[in-house]
Amino acid sequence: MGNSVTRELPPGSLQRCKDWLRKELFATRLDGLLSLVLIGSILAALFGLLRWALLQANWAVIQLNSTLLCIGRYPIEQQWRLWLLAFLLAATAGASWGLLRSCRRADRPGLLWPRNDRIAAAVLLAVCLIIPPALGLSIAIAGRWLAIAVLLMAMRWLLGRIGRRLGADAIKWFALVWPVIYLLGMVLINGGFGLTPVASAEWGGLMLTLLQASFAILLCFPLGVMLALGRRSSYPLLRWGSVIYIEFIRGAPLITLLFLGQNILGFLLPGGLAPERVWRAAWVLTIFAAAYLAEAVRSGLAAIPNGQMEAARSLGLSTAQGLQHVVLPQALRVALPVMVGQFISLLQDTTLLSLIGLMELLGTARTVMANPDFLGHYGEVYLTLALLFWCCCAALGLGSRALERRLDPHHLPNLR
Amino acid sequence: MIAAIAEEATQSLILEAKDVHKWYPNGFHALRGASLQVQRGEVVVIMGPSGSGKSTFIRTFNALEDYQKGAIQFDGLPLGNDLRHIEAIRREVGMVFQQFNLFPHLTVLQNLTLAPMLVRRRSRAQAQQRALELLTRVGIAEQAGKFPGQLSGGQQQRVAIARSLCMDPRLMLFDEPTSALDPEMVREVLDVMQGLAADGMTMVVVTHEVRFARQVADRVVLMADGEVVEIAPPETFFTNPSHERTRRFLDQIL
Ligand SMILES: Nc1ncnc2c1ncn2[C@@H]1O[C@H](COP(=O)(O)OP(=O)(O)OP(=O)(O)O)[C@@H](O)[C@H]1O
Ligand SMILES: [Mg+2]
Numbered sequence: 001m002g003n004s005v006t007r008e009l010p011p012g013s014l015q016r017c018k019d020w021l022r023k024e025l026f027a028t029r030l031d032g033l034l035s036l037v038l039i040g041s042i043l044a045a046l047f048g049l050l051r052w053a054l055l056q057a058n059w060a061v062i063q064l065n066s067t068l069l070c071i072g073r074y075p076i077e078q079q080w081r082l083w084l085l086a087f088l089l090a091a092t093a094g095a096s097w098g099l100l101r102s103c104r105r106a107d108r109p110g111l112l113w114p115r116n117d118r119i120a121a122a123v124l125l126a127v128c129l130i131i132p133p134a135l136g137l138s139i140a141i142a143g144r145w146l147a148i149a150v151l152l153m154a155m156r157w158l159l160g161r162i163g164r165r166l167g168a169d170a171i172k173w174f175a176l177v178w179p180v181i182y183l184l185g186m187v188l189i190n191g192g193f194g195l196t197p198v199a200s201a202e203w204g205g206l207m208l209t210l211l212q213a214s215f216a217i218l219l220c221f222p223l224g225v226m227l228a229l230g231r232r233s234s235y236p237l238l239r240w241g242s243v244i245y246i247e248f249i250r251g252a253p254l255i256t257l258l259f260l261g262q263n264i265l266g267f268l269l270p271g272g273l274a275p276e277r278v279w280r281a282a283w284v285l286t287i288f289a290a291a292y293l294a295e296a297v298r299s300g301l302a303a304i305p306n307g308q309m310e311a312a313r314s315l316g317l318s319t320a321q322g323l324q325h326v327v328l329p330q331a332l333r334v335a336l337p338v339m340v341g342q343f344i345s346l347l348q349d350t351t352l353l354s355l356i357g358l359m360e361l362l363g364t365a366r367t368v369m370a371n372p373d374f375l376g377h378y379g380e381v382y383l384t385l386a387l388l389f390w391c392c393c394a395a396l397g398l399g400s401r402a403l404e405r406r407l408d409p410h411h412l413p414n415l416r
Numbered sequence: 001m002i003a004a005i006a007e008e009a010t011q012s013l014i015l016e017a018k019d020v021h022k023w024y025p026n027g028f029h030a031l032r033g034a035s036l037q038v039q040r041g042e043v044v045v046i047m048g049p050s051g052s053g054k055s056t057f058i059r060t061f062n063a064l065e066d067y068q069k070g071a072i073q074f075d076g077l078p079l080g081n082d083l084r085h086i087e088a089i090r091r092e093v094g095m096v097f098q099q100f101n102l103f104p105h106l107t108v109l110q111n112l113t114l115a116p117m118l119v120r121r122r123s124r125a126q127a128q129q130r131a132l133e134l135l136t137r138v139g140i141a142e143q144a145g146k147f148p149g150q151l152s153g154g155q156q157q158r159v160a161i162a163r164s165l166c167m168d169p170r171l172m173l174f175d176e177p178t179s180a181l182d183p184e185m186v187r188e189v190l191d192v193m194q195g196l197a198a199d200g201m202t203m204v205v206v207t208h209e210v211r212f213a214r215q216v217a218d219r220v221v222l223m224a225d226g227e228v229v230e231i232a233p234p235e236t237f238f239t240n241p242s243h244e245r246t247r248r249f250l251d252q253i254l
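Listed in order, the protein sequences are those of chains A and B. Residue numbering for the first sequence follows the working numbering, starting at 1 and increasing by one per position. Residue numbering for the second sequence follows the working numbering, starting at 1 and increasing by one per position.
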């Protein structure tokens with residue numbers, strides 16, 4: 001299936017490499033000097049960081065708290081639920097990945113295992129082999145991580161093989177698995193339906209961060225699209241409502257909204273209806289993100305010529321059908337890079353939740369650093385945090401770029 | 001006897017615009033009492049100087065523009081503010097635009113099947129079969145899997161015509177369908193339209209193509225300053241028009 005395609009460097013590639021170096025980095029004496037200085041300082045910085053990380057840093061603080069950083073104070077005897085969720089997510093992710101690769105677009109042949117995918121698979125397996133021992137995790141837990149990675153790749157492989165036979169509609173239907181998994185995950189985390197409830201106060205760490213971010217991302221998307229459409233609507237009430245919402249939310253810093261949400265929602269909603277602190281925060285994040293997303297979608301809508309809607313309407317489609325099938329697919333593709341940028345900053349904004357006392361990643365890290373046993377190990381903790389966030393954001397960015405390429409801009413005509 | 005003839009006449013009338021006035025939101029009076037009657041199976045060509053309101057007029061026929069005074073009837077159905085009437089009429093009236101307005105994110109085939117499946121509730125197989133028939137008819141069946149951006153202008157406009165035909169319209173509107181095309185592609189689009197006319201399609205065409213008007217039109221209309229100035233068969237219109245305004249216009253273009 002083309003996974004045996006190898007790229008052979010043309011002969012004399014070493015020579016070409018030298019030529020490139022000479023041309024790009026050492027063209028003139030000044031260029032050469034600059035290049036040497038820059039390369040030298042980068043190497044020095046890297047070397048310093050490596051020396052600190054390997055010789056001076058005491059990674060015990062991370063090793064001993066890895067569970068806390070991952071899931072907070074989630075009760076040990078219930079942790080199997082989170083493992084189950086991790087396995088489910090890995091299986092679904094692998095299946096989606098394989099399915100997307102197997103269904104090529106009619107006009108463009110694609111490899112089943114392009115180079116990027118092979119690199120991603122290698123990185124994933126390497127991470128699962130290296131990180132658990134480095135964290136000093138027990139064999140059993142390291143084995144589970146490996147099993148999760150293997151499951152993901154196995155599903156990727158399986159759906160890559162049989163995906164073509166399932167046809168293009170399979171992708172559409174498979175997309176519905178995600179919301180189901182998400183709801184199931186909520187039940188697994190939260191309890192209920194026969195599972196022992198785990199109070200949201202006990203959720204924490206990376207899990208809480210991802211939960212908050214994914215909740216806000218999933219819900220702010222439809223809300224933002226509706227606001228963007230409302231802002232362009234011909235009904236004055238809808239239009240003014242959307243404008244007021246967007247401008248009000250964008251005019252206030254997130255942290256004030258978060259404090260406001262913690263205090264006001266309790267008064268506004270009677271007794272038991274007010275959600276718990278974690279959910280209040282999640283809703284505030286959603287409401288906040290929707291306003292920014294609406295502006296991104298609006299810029300996408302503005303890029304689509306009027307003629308598109310006119311053509312749809314003149315074919316007999318209703319306004320809703322025209323939006324759904326003609327205008328929105330194009331507008332969302334235009335807005336995709338901006339939207340993903342906003343999702344990434346939303347993920348990072350979850351760190352503000354530590355200021356209202358939630359034990360998400362940063363909140364948990366701060367309790368760790370406040371522990372007298374680990375005093376003074378800020379560097380290790382913050383570096384770990386930075387790496388974790390960087391990985392999540394990189395994943396979002398890579399995913400969006402893959403999606404963008406799939407919804408190929410090449411076919412979009414120049415916007416008139 | 002006379003009643004029967006009268007009924008016959010109204011039955012073959014498919015579109016009637018009576019004394020239509022349109023003001024744009026900025027207050028510009030674009031249509032000043034324009035009237036037109038189109039019979040079933042007839043080809044009407046609308047000509048006129050730039051800015052005379054041709055596009056505005058033809059776009060009121062499927063409610064892409066609203067109007068403030070007068071009346072338009074399609075097949076006995078009044079075209080006013082009633083959304084149900086508007087949607088019913090749009091299902092039966094096809095429109096081809098100067099800028100093609102194909103859906104760039106869909107393949108040619110998907111462009112053609114979208115409306116029949118959504119609006120006429122045809123099955124995918126049915127819709128695709130009909131789409132391929134029509135693509136064959138306009139001579140580009142082999143491009144069905146491509147995206148509009150990969151086609152030439154003339155091919156895109158033929159796809160746009162086929163897309164409208166997929167809804168089996170009773171009336172086709174063309175707003176300068178060849179004006180955005182390179183000269184060597186104009187012919188292929190006009191040929192398709194001529195074929196349509198020969199098959200008995202009712203068409204209202206805004207165009208500057210004199211040869212097409214002479215060969216294909218049953219009647220030619222001159223619009224100027226938001227009014228219909230002259231309506232005549234092509235022979236009379238081009239050789240012996242009755243209005244001074246028409247003569248001046250013809251002097252400019254011929
Ligand atoms: N949205 C609008 N708002 C205000 N005035 C408009 C609008 N659209 C068109 N007009 C004006 O209405 C008049 C008629 O426009 P229309 O597009 O119908 O002319 P046309 O006969 O189709 O011209 P052309 O041959 O250039 O296409 C023009 O003077 C134009 O400036
Ligand atoms: Mg015009």
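Watch out, some of these pointers could steer you wrong.
[Stated by the list, open to error] Pulled a few chain A residues facing chain B out of the computed Cβ check, cut under 10 Å:
{"#": "1", "residue": "Ala57"}
{"#": "2", "residue": "Asn58"}
{"#": "3", "residue": "Ala311"}
[As the list claims (entries may be wrong)] If we take Cβ atoms under 7 Å as the criterion, some of the chain B residues that face chain A in the derived model are:
{"#": "4", "residue": "Asn62"}
{"#": "5", "residue": "Leu64"}
{"#": "6", "residue": "Arg90"}
{"#": "7", "residue": "Met95"}
{"#": "8", "residue": "Phe103"}
{"#": "9", "residue": "Ala115"}
{"#": "10", "residue": "Met117"}
{"#": "11", "residue": "Arg121"}
{"#": "12", "residue": "Ile253"}
Simulated from the structure, these hints should not be mistaken for laboratory data. The structure displayed is predicted, hence computed values, not measured ones. Quick reminder that beta carbons are idealized off the backbone N, C-alpha and C, glycines included.
Hints versus structure:
1. Ala57: Check failed: Cβ of Ala57 (chain A) comes no nearer than 51 Å to chain B, outside 10 Å.
2. Asn58: Result: violated, 54 Å to nearest chain B Cβ.
3. Ala311: holds, 4 Å
4. Asn62: holds, 5 Å
5. Leu64: At 6 Å from the nearest chain A Cβ, Leu64 (chain B) passes the 7 Å test, so the hint holds.
6. Arg90: Since chain A brings a Cβ to about 5 Å from Arg90 (chain B), closer than 7 Å, the hint holds.
7. Met95: Given a least distance of 4 Å, the restraint on Met95 (chain B) holds.
8. Phe103: Nearest chain A Cβ about 5 Å off; hint holds.
9. Ala115: holds, 4 Å
10. Met117: violated, 10 Å
11. Arg121: Violated, about 11 Å.
12. Ile253: violated, 26 Å
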